[in-house]
Amino acid sequence: MFEKRYLGNRLTAGLMLLAVAAVAAIAGSSYLQMRNPPPEVDRLVPHAGFERRMLSDWFDGLRDTPADTPVFVQVGEEPGGTVLVLGGTHANEPAGVIAAVVMLERAQVQRGRLIIAPYANMMARTHTFPQDAHPQTFSFETPSGARRTFRYGARTTNPVNEWPNPDIYIHPASGQTMAGVERSNLNRAHPGVADGGATERLAYGFMQLILQEDVDLAIDLHEASPEYPVVDAIVAHERAMELAAMVTMELEFEGVPIRLEPSPENLRGLNHREWGDNSNVLAILTETCNASAGRFRGRTDEALILSGEDKAYDKAAGLGRLYVPWESWDKRIAERVGRHVTTVWMLTENLEYVREDAGVTVTGLPTFAEMSEQGVGAFLSE
Amino acid sequence: MMLTWVYWTITVMFIVLVLRNLFREKSLREQFVAGMVLVPLILRALMIK
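The listed protein sequences correspond, in order, to chains H and S.
In terms of the working numbering, the first sequence opens at residue 39 and continues consecutively.
In terms of the working numbering, the second sequence opens at residue 6 and continues consecutively.
The following block holds chain H by itself, in its conformation from the complex (with noise of 0.2 Å):
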């Protein structure tokens, strides 16, 4: 109808091109507060004994770029083996980030060392994927009423970090094809090119910390889709395999239910694989259950994050699409953190009985029960 009357005029582009740089500054500002968030957000409270470190001091090629992040170092007074712990390997997998956090901020080593790198990658915080509408931030309420307030990422590094991506993605190591966008993707880069595109720098950066340290066990914590065959899971390589199903048998009794799967041989650039094959580490990663990044997801906000209730996934459960037992599962952030931090825990407790003298005796972490009866907030600091 418009175009019958013919109303436009050089006064109305005039007026639309005002209109349009209103709403380009606005979505602009938006954009660019997931770069430079306020300091309120993402902040870290590490417990007393950790040493804050950057990865640069690994591997100098990360200093001042971007893909820079840091890593929290705590030892204890008896020796014994060295743990490292990554959370946001894949930014938009909260339970991981905030239960790397969670141990930050709680953990006590009496023997050994802990390395935590909570934010492994920093250009996957500062963007989410275009299309898929998550909230750029989540938070949680302390027991005193403050909030903590932590960035929601992508699966993979800012565009503006790291572009064009190639039609097919080829691991250097290896040679194995991938999809593009696996270029941008942390846990397909490992180990890592020391002169390689951005994401390949970072992970080269992580290889470095494990074999310069010496590190005895290595964990990656993730989450994956409701339907997404490997969920709720430990993931472990051929070396790791013994300690990981005795995990796996302790987290049952304590009435955890998780599934073990063996590392892919043939699946490349995983950290599991990666790094258990280029160094003398027991390569781990877990997975719990996210709904928010799931395909079959409905309304995509802070709440679906928090809670994972959502009704597409009722209906897609009443359906058998999924791999968890969907009504009776855990699918609260308090539950997914509490299965993070306790697997982390039992890994460790552990290591002593498949590594002589790489004991780590870590205390001050929250049960599983004790999450999810008392929710995140009430473990992390003020």
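Hints in this document: simulated from the structure, not taken from any laboratory.
Where is the CB? At the ideal position from N, CA and C, for every residue including glycine.
Any given hint could turn out to be false.
[Unchecked claim] Computed spacing ranges between beta-carbons, pair by pair:
1. Val268(H) - Val38(S): 41 to 47 Å
2. Glu408(H) - Leu51(S): 45 to 51 Å
3. Ile20(S) - Ser419(H): 44 to 50 Å
4. Val38(S) - Arg73(H): 27 to 33 Å
5. Gly213(H) - Ile20(S): 39 to 45 Å
6. Pro45(S) - Ser317(H): 40 to 46 Å
[Stated by the list, open to error] Not everything, but these chain H residues come out facing chain S in the computed CB check (under 8 Å):
7. Tyr44
8. Leu45
9. Met54
10. Leu55
Given the structure of chain H, go ahead and fit chain S onto it with the hints provided.
Below, chain S alone, put in the same frame as chain H:
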């Protein structure tokens, strides 16, 4: 860096063409469409998104 310059050149060229269309267009609806096309182009030219 060369690829970035190519990207900027293409994006700016598209912005100029869409702006030209916006000011020549007599249909208000088509002007609105041109405006909606401009928003992401501007954000991309500024390397914001």
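**OP:** Please name the hints from earlier in the document that this structure breaks, with their numbers sorted from lowest to highest.
**Re:** Of the numbered hints, all hold.
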